[in-house]
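So the sequence lines, in the order shown, correspond to chains A and B. Remember, our numbering sits 18 above the position in the first sequence when you count from 1. Remember, our numbering sits 1 above the position in the second sequence when you count from 1.
No wet-lab data here; the hints were simulated from the structure. One thing to keep in mind: the hints can contain errors.
[Stated by the list, open to error] Simulated crosslink set (EDC-like; lysine to aspartate or glutamate; CA at most 16 Å straight-line):
(1) B:55 with B:32
(2) A:75 with A:62
(3) B:6 with A:62
(4) A:89 with A:46
(5) A:29 with B:43
(6) A:32 with A:101
[To be verified] Listed next, with one range per pair, are the computed distances between beta-carbon atoms:
(7) A:98 with B:17: 46 to 54 Å
(8) A:28 with B:46: 17 to 25 Å
(9) A:72 with B:47: 20 to 28 Å
(10) B:43 with A:98: 46 to 54 Å
(11) B:13 with A:35: 14 to 22 Å
(12) B:54 with A:72: 27 to 35 Å
(13) B:47 with A:56: 17 to 25 Å
(14) A:38 with B:6: 16 to 24 Å
(15) B:30 with A:35: 34 to 42 Å
(16) A:127 with B:3: 39 to 47 Å
(17) B:13 with A:91: 17 to 25 Å
All C-beta atoms, glycine included, are put in the ideal place defined by N, C-alpha and C.
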Amino acid sequence: DTGVSQDPRHKITKRGQNVTFRCDPISEHNRLYWYRQTLGQGPEFLTYFQNEAQLEKSRLLSDRFSAERPKGSFSTLEIQRTEQGDSAMYLCASRGGGGQYFGPGTRLTVT
Amino acid sequence: DQQVKQNSPSLSVQEGRISILNCDYTNSMFDYFLWYKKYPAEGPTFLISISSIKDKNEDGRFTVFLNKSAKHLSLHIVPSQPGDSAVYFCAASDRGSTLGRLYFGRGTQLTVWP
Chain A
19 DTGVSQDPRH KITKRGQNVT FRCDPISEHN RLYWYRQTLG QGPEFLTYFQ NEAQLEKSRL
79 LSDRFSAERP KGSFSTLEIQ RTEQGDSAMY LCASRGGGGQ YFGPGTRLTV T
Chain B
2 DQQVKQNSPS LSVQEGRISI LNCDYTNSMF DYFLWYKKYP AEGPTFLISI SSIKDKNEDG
62 RFTVFLNKSA KHLSLHIVPS QPGDSAVYFC AASDRGSTLG RLYFGRGTQL TVWP
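The following block holds chain A by itself, in its conformation from the complex:
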């Protein structure tokens, strides 16, 4: 079973550093989503790809955030000049049929 995978699972970084996360979706899914979840909240939408095209970005995605999906397969999410407020679980999901299937997430802690 090749579900959605994310790497790394945990990342601790110092404020001001750059971090990059990777997501590998389910292979036959052409739609890929990034969400962010903070404590006590449900996942919040960040951005969406259909194949390699980034079709939508939330206003939560400041200009320090960038996401790519260069060949329509895996995706990366980069955060530049991290801030303590960026500490959260970053979730990737791919869509097949009606449902979205989530990866295990990357837990980011900015110290």
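Given the coordinates of chain A, work out where chain B should sit on it, guided by the hints.
The following block gives chain B in isolation, referenced to the frame of chain A:
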């Protein structure tokens, strides 16, 4: 702007009894609803979904009911088991939108005790 609301942050149920988790939404364009279960340090796991053309969908111990006029849905778990203890998220989407993003509630922590 919380378009999907789960007003009960927690629910405690005895093993073998029914668990009922509730969810309300405000956007009348939502036409597809999902429930996810989440354990700590893991991503949400898809449980069950329902389209707005139905009012009930059942899968084993899990049943989702949809009341469109009230903009309300509920998840019933019968019988509840200790392994069901987790956070349950309600989510909704507008499938007519090419985006297909999900809107989530804040979750309900279910605890099933022996």
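Do the hints match the structure? See the list:
1. At roughly 10 Å between alpha-carbon atoms, residue 55 of chain B and residue 32 of chain B fall within 16 Å of each other, so this suggested pair holds.
2. In summary, the hint linking residue 75 of chain A to residue 62 of chain A is supported, as the alpha carbons are separated by about 12 Å, within the 16 Å threshold.
3. For the suggested pair residue 6 of chain B and residue 62 of chain A, the alpha carbons sit about 13 Å apart, so the restraint of at most 16 Å is met.
4. Straight-line distance between C-alpha atoms of residue 89 of chain A and residue 46 of chain A comes to about 13 Å, which keeps the hinted pair within the 16 Å bound.
5. A hinted pair counts as satisfied when its Cα atoms are at most 16 Å apart, and residue 29 of chain A with residue 43 of chain B qualifies at roughly 15 Å.
6. Straight-line distance between C-alpha atoms of residue 32 of chain A and residue 101 of chain A comes to about 8 Å, which keeps the hinted pair within the 16 Å bound.
7. For the hinted restraint 46 to 54 Å between residue 98 of chain A and residue 17 of chain B, the CB-CB distance of approximately 52 Å keeps it satisfied.
8. Here the CB-CB span from residue 28 of chain A to residue 46 of chain B is close to 19 Å, well matched to the stated 17 to 25 Å.
9. Checked against the given bound of 20 to 28 Å, the beta carbons of residue 72 of chain A and residue 47 of chain B, roughly 24 Å apart, stay inside it.
10. Taking 46 to 54 Å as the suggested C-beta distance range, the pair residue 43 of chain B and residue 98 of chain A does not conform, at roughly 28 Å.
11. For residue 13 of chain B paired with residue 35 of chain A, a C-beta distance near 42 Å fails the hint of 14 to 22 Å.
12. Evaluation of the 27 to 35 Å hint for residue 54 of chain B and residue 72 of chain A yields a pass: the beta carbon distance comes to about 31 Å.
13. Restraint check, residue 47 of chain B to residue 56 of chain A: a C-beta distance of roughly 21 Å satisfies the suggested window 17 to 25 Å.
14. Separated by about 34 Å at the C-beta atoms, residue 38 of chain A and residue 6 of chain B break the suggested range of 16 to 24 Å.
15. Take residue 30 of chain B and residue 35 of chain A: their Cβ atoms lie about 40 Å apart, and the range 34 to 42 Å holds.
16. Under the hint 39 to 47 Å, the C-beta atoms of residue 127 of chain A and residue 3 of chain B, about 26 Å apart, miss the expected range.
17. Remark: the range hint 17 to 25 Å for residue 13 of chain B to residue 91 of chain A is contradicted by a beta-carbon distance near 43 Å.
Consistency with the previously given hints fails for numbers 10, 11, 14, 16 and 17, ordered from lowest to highest.
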